[in-house]
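Chains as they are written, first to last, in this note's numbering: chain U, 256 to 544; chain G, 3 to 368.
Worth flagging that the hints you see were computed from the coordinates, not collected in a lab. Please note that the accuracy of each hint is not assured.
Cβ-to-Cβ under 10 Å is the rule here; a few derived chain G residues that face chain U [as the list claims (entries may be wrong)]: (1) Ala40; (2) Pro44; (3) Val55; (4) Thr57; (5) Ala59; (6) Leu136; (7) Ile138; (8) Ser171; (9) Leu189; (10) Trp191; (11) Phe301; (12) Gly304; (13) Ala322; (14) Tyr331; (15) Phe337; (16) Met341.
Far from chain G, some chain U residues (derived; all Cβ distances over 12 Å) [to be verified]: (17) Tyr273; (18) Ser294; (19) Pro306; (20) Leu343; (21) Ala393; (22) Gln437; (23) Trp494.
Where a beta carbon is used, it is the ideal one built from N, C-alpha and C, also for glycine.
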Amino acid sequence: MSDVAIPRQQSRWAHIAYVLRDNPVTLVAFSMFAFLVLSAVFGPALVPYDPLATNAANALQPPNWQHWFGTDSLGRDVFSRVIVATRLDLTISVAAVALSFVIGGVLGAIAGYWGGWWDAILNRLFDTIMAFPLFVLAMGIVAALGNTVENIIYATAIINIPFYARVVRAEVNIRREAGFVQSARLAGNSHIRVVAFHIFPNALPPMMVQVSLNLGWAILNAAGLSFIGLGVRPPTPEWGIMVAEGANFIVSGQWWVALFPGLWLMLAVFTFNLMGDGLRDLVDPRRRT
Amino acid sequence: MSDRLGVRPKMSLLTRFRSDAGPGNLKRTLTAISLRIAQTLPVLIGVVLISFVLTRALPGDPAAYFAGVLADEASIAETRERLGLDRSVFEQFLLYAGDLLRGDLGISLNTGQPVLTDLAERLPASLELTLTALIISCLIAVPLGVWAAVRQGSWVDHLCRVLVTAGVSLPTFFTGILLIYIFYYVLGWAPSPLGRLDFIYLSPPHVTGFYLIDSLIAGDTETFFAAARQLALPAITLALFTLAPIARMTRAAMLSALSSDYIRTARAAGLTPRTVRYRYALGNALLPVVTTLGMVFSFVLGANVLVEKVFAWPGIGSYAVEALVASDYAAVQGFVLAMAVLFVLLNLVIDLSYALIDPRIGFGAK
Numbered sequence: 256m257s258d259v260a261i262p263r264q265q266s267r268w269a270h271i272a273y274v275l276r277d278n279p280v281t282l283v284a285f286s287m288f289a290f291l292v293l294s295a296v297f298g299p300a301l302v303p304y305d306p307l308a309t310n311a312a313n314a315l316q317p318p319n320w321q322h323w324f325g326t327d328s329l330g331r332d333v334f335s336r337v338i339v340a341t342r343l344d345l346t347i348s349v350a351a352v353a354l355s356f357v358i359g360g361v362l363g364a365i366a367g368y369w370g371g372w373w374d375a376i377l378n379r380l381f382d383t384i385m386a387f388p389l390f391v392l393a394m395g396i397v398a399a400l401g402n403t404v405e406n407i408i409y410a411t412a413i414i415n416i417p418f419y420a421r422v423v424r425a426e427v428n429i430r431r432e433a434g435f436v437q438s439a440r441l442a443g444n445s446h447i448r449v450v451a452f453h454i455f456p457n458a459l460p461p462m463m464v465q466v467s468l469n470l471g472w473a474i475l476n477a478a479g480l481s482f483i484g485l486g487v488r489p490p491t492p493e494w495g496i497m498v499a500e501g502a503n504f505i506v507s508g509q510w511w512v513a514l515f516p517g518l519w520l521m522l523a524v525f526t527f528n529l530m531g532d533g534l535r536d537l538v539d540p541r542r543r544t
Numbered sequence: 003m004s005d006r007l008g009v010r011p012k013m014s015l016l017t018r019f020r021s022d023a024g025p026g027n028l029k030r031t032l033t034a035i036s037l038r039i040a041q042t043l044p045v046l047i048g049v050v051l052i053s054f055v056l057t058r059a060l061p062g063d064p065a066a067y068f069a070g071v072l073a074d075e076a077s078i079a080e081t082r083e084r085l086g087l088d089r090s091v092f093e094q095f096l097l098y099a100g101d102l103l104r105g106d107l108g109i110s111l112n113t114g115q116p117v118l119t120d121l122a123e124r125l126p127a128s129l130e131l132t133l134t135a136l137i138i139s140c141l142i143a144v145p146l147g148v149w150a151a152v153r154q155g156s157w158v159d160h161l162c163r164v165l166v167t168a169g170v171s172l173p174t175f176f177t178g179i180l181l182i183y184i185f186y187y188v189l190g191w192a193p194s195p196l197g198r199l200d201f202i203y204l205s206p207p208h209v210t211g212f213y214l215i216d217s218l219i220a221g222d223t224e225t226f227f228a229a230a231r232q233l234a235l236p237a238i239t240l241a242l243f244t245l246a247p248i249a250r251m252t253r254a255a256m257l258s259a260l261s262s263d264y265i266r267t268a269r270a271a272g273l274t275p276r277t278v279r280y281r282y283a284l285g286n287a288l289l290p291v292v293t294t295l296g297m298v299f300s301f302v303l304g305a306n307v308l309v310e311k312v313f314a315w316p317g318i319g320s321y322a323v324e325a326l327v328a329s330d331y332a333a334v335q336g337f338v339l340a341m342a343v344l345f346v347l348l349n350l351v352i353d354l355s356y357a358l359i360d361p362r363i364g365f366g367a368k
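Excised from the complex, chain G in its bound form (with noise of 0.2 Å):
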């Protein structure tokens, strides 16, 4: 028990000093970038072949479902033939590549409609509402966070404690069932929680698909208002949910920078309370933040299927949930694909945003 306590490194980056930024440095930062994008190569491969896997594993005989329900013996075997199932593994995956390749993700029961278009359709929705939940929570969970640990122990302290414990415990559907009830039912506050917008409006025209960047672009004030009051609870529900995280590690990164050596230097030197922490102990602090970002998007991907489900939410989450519930397949796969391939690419943007920030975290020492 007692040799675990002292013999890890001390994960403390922080404390090192910043590297100086000379014309090797753009170079540098360009080969980590170029590295780090390479490393994305192999993931990108493994989601695509764990998708397949998934999609071969489909119960029963993949042709006969994909035939359909009136298929005979021959169609079946046509099917087979079409799909590509009589060949063998490696050439079904490689078949199965080109078509992903070829922006194939196979044609939707439910929509009849190619898996890509629907997806493609229903993103903006999805991504408004991610979007919006994310930005409400980083604005409240930053700074709850960077205040608990400057007033460690104090009721602000425990406050954040609680907060995250029970925000990490809240299952996101309930609290939007619970929200509902309040604010809808109760409060009468919030409109009828069934989609982006209540069907007296028109939905504006199509420009970015986020209905509160159209409608302003259109100037449709009234438009913008009503599709805010249809948005403000699923995204206070997902807010709700994202909080937790992103309020601990705040905090755990500014009581961590705020013990360093350069901050009891700064205080040494006589500088303000108010820019050692602000300027020199939250600058630090803000990069392993971001890094946390890319956790919570799990989170929030995930999470995003029930809050579209409890509020009829027409993004990519309920339309995953609907063809779940006709066992469309192509649907579901090409949704988890979707799905992987989104947070893959976002984790890359921040990574890439990290080294770009942050001049001394180089990829190359990997």
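Pulled out of the complex, with its shape left as it was, chain U reads as follows (with noise of 0.2 Å):
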């Protein structure tokens, strides 16, 4: 293995350093990200041309000086739409992700510290969540519940539950024994206390990498969904529904509909992705790949 062991006493910085410097596109994927986060922001405020705004003199466009993405079928800026259209996507992912980060992680800390009958349930619930393919629950859920964007966030969050929760049980059960956590017993902290103060806090940095990760999947699912229809409805711009009707015009040519908002999707999962791994180094040089 060519891992370099790190000597201990060097400070967290110096090791965060030392791991951006040895591996740069972790610092690229935070670039990524910090764009990304501004254009959710200050997005819809900067772009060129109001997203929903038709101009059928207009329609169709290829990328020009005017138009840097080109023009929709409906003469529909696609540079402002792209842009705008990331506020929807992030909040749609991030919420999902916070949904099963707090849940996964109640229900996984429950499950690891009180074990027994909870254990046992839960684990049954997650196995039983985890044994239907992903998106196809995921699909079932917004049909049953209604077709709404908030429908996409809770079946995004409850397919990612089980993820979040055997991550937590696994590094909470591991403590539920250790010396510090006998003393803060000792000490009178009463049990929510220790699991929630005192175990809780040594779960966070494998829980961060698999929000990162999951991120990226996250985004995936629910541009997934609105490519065959679920969830967010026309005109609002949103990757997955622009890329379902620039798929119309591909087989006449027109690319850009649909290259645009496909290529600003890869790279929010691209850099999701890529942030988990680095993450992945700056928390467990043991697993870096």
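Grab the two chains, each in its own frame, and use the hints to assemble them into the complex.
Set out below in structure tokens:
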């Protein structure tokens, strides 16, 4: 193995700097993440055209200086729509991942700390959720709950809960009898307090890795659902829908309508995956690939 | 932080010695297999439970929905009674499970046929696509992963890493559209992306439902090539998507096998690098790869839906999408349930084959 063991006495910042120097890709990933967040926050205020304004005279223009990414079949500016869509796509995935983080964390901590029946029942439940092909389960949930953006978030959250719960359960379980936990109990802390403030923080580093990887999946998942016509409705700008709309024009050669939203979607997922790998390097040097 | 680094037990099954094969071994394997099959039952029950909950979570009154648009009060009440919706939830669940056991998934509003018939009709198309994609992707990913592990740090390794990260970031529906643009519109190599066979050909006589196999059985090579051309792009799209996890797992498993003690021993004993790599290391590394295939199937079954929609492939995925658009709930739920059962059974088969390949694996210990 070519992994370099890092001396314990190095400070955390030196360690981060070391990992970033060693792997410039991580730095690129964090910059791209900053770009995405900035376009989500300021994008709608900065884009040159109204993402919903149609202009039939200007339909299906290839990319040019006025319309960097061209225009779609209704003459809407693809660039503006792609940038504006960032906010919705990021919101869906962040909300879904935050939900599964919280619910998965709590359930995992219960299963890991108290064990017994709770553990058995929760594990069976997670097994059952994982027994479904996840995208298919998400389709079923959205179909049953109704076709709205909120339900896309819930469906994405539900299919991701087992991943978090498993991580937390394992991390909590191995520390249940640890010395620092027992001393915290002896000092008079309640069980809930011990779990929440003494054990749970130890599970945060591996969870952060999971969060970053999951954000990528969540975006793909949400975009896939809207691609097949679930969740977000046209004319709302959203990457999955825009690719679906562009798909109708690809066979007649108007590639830009589908290409740019697809590229942005790819870029976002790529960023989160790279960040996940980078975070894993920071958190757990032994698992470096 | 630092206590995390040392405490985890090494997950290295591979360094254990092979257990001796004796007469007791067969019996132990059989027990292990029946135990594993028994473990599937609670999961299947859970799957049925969740799909029952999904059925009951229909927006609005299910009775009004199933009675149809023109229903009046009386016929809604009649439907409620017929569906057993006026009984307790527990009784409803038993009724539902009973229907499932009889293979009754309801009637599709779109096609007017029983959902089970529809699914059975369309399943071969999906399976043909999925299996072709998996074969393509294994043929590329396994050698790539092995190569990357053997030449760790070389350009092959970097290529593998880029491919792996890019591969998991690719939205399948987007790759499909891109491939259509390049190979259909620009290059003109691929036929128009509309289904399994161009309309000028007749579908081969039904034997297996797989056009590639059926046309060969009929001895019709022209139809075979036409079907293969239609299949190429969607299969490549799916294969690109599954390439990443398989290559990644192969590389990781190969690396851990190559750095283990028995490989060092084999090298020290003077075996050729070729024997060490392909006989000893790869043989052991393939086991985790087989396990990964189970996870890959989950992704593929989901991605199938998107790819079938892009290529107008008449499989169960596009059936479900059509049903979703038309709010044809019975069809959607039948699809979700069928996929889950298929997936559970696939995992069962993978685990069982794993136990048969590797005599060290016993499920009894769990």
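Against the structure, the hints come out as follows:
no., hint, verdict
1, Ala40, "violated (14 Å)"
2, Pro44, "holds (6 Å)"
3, Val55, "holds (8 Å)"
4, Thr57, "holds (7 Å)"
5, Ala59, "holds (4 Å)"
6, Leu136, "violated (14 Å)"
7, Ile138, "violated (20 Å)"
8, Ser171, "holds (4 Å)"
9, Leu189, "violated (12 Å)"
10, Trp191, "violated (14 Å)"
11, Phe301, "holds (8 Å)"
12, Gly304, "holds (3 Å)"
13, Ala322, "holds (7 Å)"
14, Tyr331, "holds (6 Å)"
15, Phe337, "holds (7 Å)"
16, Met341, "holds (5 Å)"
17, Tyr273, "holds (15 Å)"
18, Ser294, "holds (18 Å)"
19, Pro306, "holds (20 Å)"
20, Leu343, "holds (16 Å)"
21, Ala393, "violated (8 Å)"
22, Gln437, "holds (15 Å)"
23, Trp494, "violated (8 Å)"
Violated hints, in rising order: 1, 6, 7, 9, 10, 21, 23; the structure is consistent with all others.
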